[in-house]
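J.: As a plain string of letters, each chain reads:
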Amino acid sequence: MIKRILTTGLMTTVMGLMTMAPAHAAVDSEVAYILNSLLFLIGGFLVMWMAAGFCMLEAGLVRTKNVATMCVKNVGLYALAGILYFLVGYNLMYSGVDGGFMGSFSLWDAGETAASEAINTEGGYSSASDWFFQMVFVATAASIVSGTVAERIKMFPFFGFVIVLTGFIYPIQGAWTWGAGWLSVSGFSDFAGSTIVHSVGGWAALTGAIILGARKGKYGPNGQVRPIPGSSLTLATLGMFILWLGWFGFNGASQLALGSAIDAVAVSQIFVNTNMAAAGGVVTALCLTKLLYKKVDLTMILNGALAGLVSITAEPLTPTIGEAILIGAVGGAIVVFVVPLLDKLQIDDVVGAIPVHLVCGIWGTLAVVLTNDGASLMTQITGIAAIGAFVSITSTIVWYALKYTVGIRVSEEDEHKGGDLAELGMEAYPEFGIGSQKI
Amino acid sequence: MIKRILTTGLMTTVMGLMTMAPAHAAVDSEVAYILNSLLFLIGGFLVMWMAAGFCMLEAGLVRTKNVATMCVKNVGLYALAGILYFLVGYNLMYSGVDGGFMGSFSLWDAGETAASEAINTEGGYSSASDWFFQMVFVATAASIVSGTVAERIKMFPFFGFVIVLTGFIYPIQGAWTWGAGWLSVSGFSDFAGSTIVHSVGGWAALTGAIILGARKGKYGPNGQVRPIPGSSLTLATLGMFILWLGWFGFNGASQLALGSAIDAVAVSQIFVNTNMAAAGGVVTALCLTKLLYKKVDLTMILNGALAGLVSITAEPLTPTIGEAILIGAVGGAIVVFVVPLLDKLQIDDVVGAIPVHLVCGIWGTLAVVLTNDGASLMTQITGIAAIGAFVSITSTIVWYALKYTVGIRVSEEDEHKGGDLAELGMEAYPEFGIGSQKI
Amino acid sequence: MIKRILTTGLMTTVMGLMTMAPAHAAVDSEVAYILNSLLFLIGGFLVMWMAAGFCMLEAGLVRTKNVATMCVKNVGLYALAGILYFLVGYNLMYSGVDGGFMGSFSLWDAGETAASEAINTEGGYSSASDWFFQMVFVATAASIVSGTVAERIKMFPFFGFVIVLTGFIYPIQGAWTWGAGWLSVSGFSDFAGSTIVHSVGGWAALTGAIILGARKGKYGPNGQVRPIPGSSLTLATLGMFILWLGWFGFNGASQLALGSAIDAVAVSQIFVNTNMAAAGGVVTALCLTKLLYKKVDLTMILNGALAGLVSITAEPLTPTIGEAILIGAVGGAIVVFVVPLLDKLQIDDVVGAIPVHLVCGIWGTLAVVLTNDGASLMTQITGIAAIGAFVSITSTIVWYALKYTVGIRVSEEDEHKGGDLAELGMEAYPEFGIGSQKI
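Chains as they are written, first to last, in the working numbering: chain E, 15 to 453; chain D, 15 to 453; chain R, 15 to 453.
Worth flagging that the hints you see were computed from the coordinates, not collected in a lab.
Please note: incorrect hints may appear among the correct ones.
Because identical chains share one entry, a pair is satisfied inside a single copy or across any pair of copies.
Claimed, not checked - Taking lysine to any residue and the SDA-like style, the derived pairs with C-alpha atoms no more than 20 angstroms apart in a straight line are:
no.	residue 1	residue 2
1	308	171
2	168	307
3	309	429
4	431	243
5	308	173
Construct all of the structure, not just a fragment, from the sequences and the given hints.
T.: Here it is in structure tokens:
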């Protein structure tokens, strides 16, 4: 089965080096098989944990009256993403793409099982470990959407969108690069998914935000922007820390192998660069908000960290530490400038996911050419544009299809009441009664 | 020392297969020893983290006035479980059971240490890594109890119960299967403990709930059920995510080995099935509550995820993904129907632990026969019944012994005030003063 | 490059044993290289997660009006620690110390990369994995400071202190022992840093608390102590659990190797002892507060767990389980007695970091001699005193330099308003409006 490994320029380099490596008994293939699978499992559980991170981040950044709804959406989308990726997504992304535009429509099947008579360790890793790791990635893409469209989208139509996104949109564009489709043939390089995961979520979020429209009261008649602070900055901070932690799995295990010393070095470098890009994003957002607004802005700092992480995701291996810090710092600056820009455009992005995941996703994908000689700017732009066009168009179609059938926006009355009372009939913090009435 | 590995039917199959495996140099025994130990350590820290998950889940589902008390209980029970399992539990469960009913009364001793002159790597793994992994399991069983009996149990009597549960009740019944006692001889199959861990906690919780009685005001004189919403659905959601994450360790490391490719495949499949059963539980609870009540219920969804996880725990390896989803989905449905049933019986289970851990624990143990040819329905029923009877009877004795000596229920006045003021003299959220007065 | 491994007495013992080990083919050097690096990466991400733990603990223990500020400080210090350790710290600590007082001033450079033509696996592990692991330790030291000085320190001067601490103070004293400097030559033994990490943070915190002075209203004119309860005991509890989890990485991966069965045994024992010391601290704090005050105190229990963890950190390998419990229990008792003592001295330590990290750090370092024959009491005292003197003096200089230039204390008005409004212009929980006015 064709895997991401075939499609990144760097991997080819590494594999080249491996043949050049001084002759010594290579790691036993069964040991390598175990270690490769273990990397997927560890990386996978770390990325699964990011689902909790998004949930906490988003629950912290919406108003009290929508907090429980936010939790339902995040739990539900993670569950649906797994089921859809099993039913359709994985094979659509990876099975027989062969330079083309998509794989086949079929249930995923591990092929081998622990009850098999023999495991062919030349395969490199357990196929179930790989599936697990790929599945948590598609969930990440869906998590990105939920934050942007929060506080005014109907729950079940949102889940409808998640089904299409995780079963079809994400896997088809994923097939182009990681599934060894046409973009991988052209040399598009996106190591762990600045474009393939993050900007995909970002485009879906952007189209959703535009089609849904802004929350009532967010923008005044003369274009005034009314800040709507989130309910809990500690939850948002916790969410950010969870995401930072999970990103070591997201980027680190995207090396896809731990069966050689070179892989161990690569994963280690990726950990370091991932961390330092986030650090660069934090410090930039900290200093810029102090300079621009005289006040430090915690939500900008949290998004600055995430911006650094998204920015390094397309190429966490080839940058030096200094370059990683700078790539992340640019990401942090992007967030500080794009958040108000979106407000000027009256695009209401509740949690700032569009600057973080879409704009920094693009930046990170372009930045690959700064440090990876195997990447070309034109090809990177092609990939960004092709994926952007595909996801925007298909998302727009799905959003409109939902809008004109079941409807996607809650009633004005329900929006005022909040999703928790309207769709759930419960409150997130029932003993702190002010929450649902104040704002 | 006899371990779980001897007692699961599947293991025998796997070991059978390993002899059949095509001749190639097996993994070096020292490398296998390291990898096996590493699996226990990773699995162990993930399951340890579940203690935090239970704490957050339960703190979120009690009223503000009992939140700090809930935290004390969860921290305290985790500490006590470790100490008791060292002092009595481990050897009572694993040392010299030999087809019988219990092991020996003695302190656990690792036997080998890093200062030993030589490590016998044929042993398979470090005995301390195994102890650590087994210890976090007993803590899990205790965590289950604390949620059900919350808001009206006295703190120190509760700890008294924990001591007996973790030092004696859990280890003795654990010896029957995992300690190679009489149930393992009969072929009872419970891979990671749907019965041995979860329903044990569930039976202890059920007897406690009955003997304690319901919280004041929970049930009206004519059988009306008054909902008592929890203080923080975000904490409850966080707790659920922590438990989901921890479950990869709980089930995955219950494979007990990572020293061969077959083990790597098995652990990977377990990860996938564990995840998908939870997903099945979520989607079922989501749809059922919408259909039945017109409103989606977040606490049901959280418990639906946990129900799926408990249901797959007795056999996370042999099901296909589709079967895993279904097994979890049945678990999710059980929760939706059993929660109101308990209320009809006026059994006050504050967090829903009885449906999740006891009823789904039974379901999961029965479901083993659907996918594992090595299991027989009669033997499964025997195991469930024997363990259920033993734990119910011993728990009842302990609860009553505590009740008629030190007392187990707080005074009516203290119950009204809440545990935080009564037993701790502090508030969980002192600046949100409504909490302790409103309900 | 010289590493911690050279400097702990126990390591020498272990290495001695390895030569004594019965002749069998040792683990292949490349496999050992991978496993050693993997230990650093797993340990590293667990310790990184401790940054979130400190953030939640501290955010939960300050008043609502300072919660968001606390989050900014914790996110910011983690980012800065990484950058400074890259720019100055690592090489100052590890490069060419050679029995002396410090290394060299230079950027850290991994030396090898995945693009290198060959990895010399005799080196033992990827240098980037080691750097990552060392970096998260310096962040831990900085995290300790932020809690003590909370609620009255200006944000940017605090970051200034963090820069000096993580770039210079911590690395220089670290060089003495772990960098193979003069203290390691003398035989000072501090396995994972009771002194080198925890008491370093503690001394920096103590000097800061004294120079800053207490929060307004904390101490009355006649020495009355006014309790100022924290905003969220659930967040504090969550933070403690995160720290407990992270500590398995902190102590476990300080074994610095997983490439042999003896290392696997050692890491496993460390996990067990670490856990049991924390359990000892919890039970002691639970019982002591009940006995002394008739009420159980949750914050004491949380600090009791951390006290146990700090106490075992200097030597988590040689104690038996029983000894580990006792070492942790003494730590728990220290916290219960030193917290009120500090209040008598009118040293205002907002979260209790001085008893936990400084006093228990000293206790743990002394306790090494109880179980490790290679350690001498005089040398341990020398190390504690030398590091204590160095860190206290340099910290005092830095605090005063900041005080008399930019100032370190917020204005009385801003202290009353709280950092969130004064420095951030935002509230952590804007819909729970009481918070910022009540206390």
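J.: Please go over all the hints and tell whether each is borne out by the structure.
T.: Hints, verified against the model:
{"no.": "1", "hint": "308 to 171", "verdict": "between (41 angstroms within a copy, 15 angstroms between copies)"}
{"no.": "2", "hint": "168 to 307", "verdict": "between (35 angstroms within a copy, 17 angstroms between copies)"}
{"no.": "3", "hint": "309 to 429", "verdict": "between (31 angstroms within a copy, 16 angstroms between copies)"}
{"no.": "4", "hint": "431 to 243", "verdict": "both (17 angstroms within a copy, 19 angstroms between copies)"}
{"no.": "5", "hint": "308 to 173", "verdict": "between (41 angstroms within a copy, 16 angstroms between copies)"}
In summary, this structure violates none of the numbered hints.
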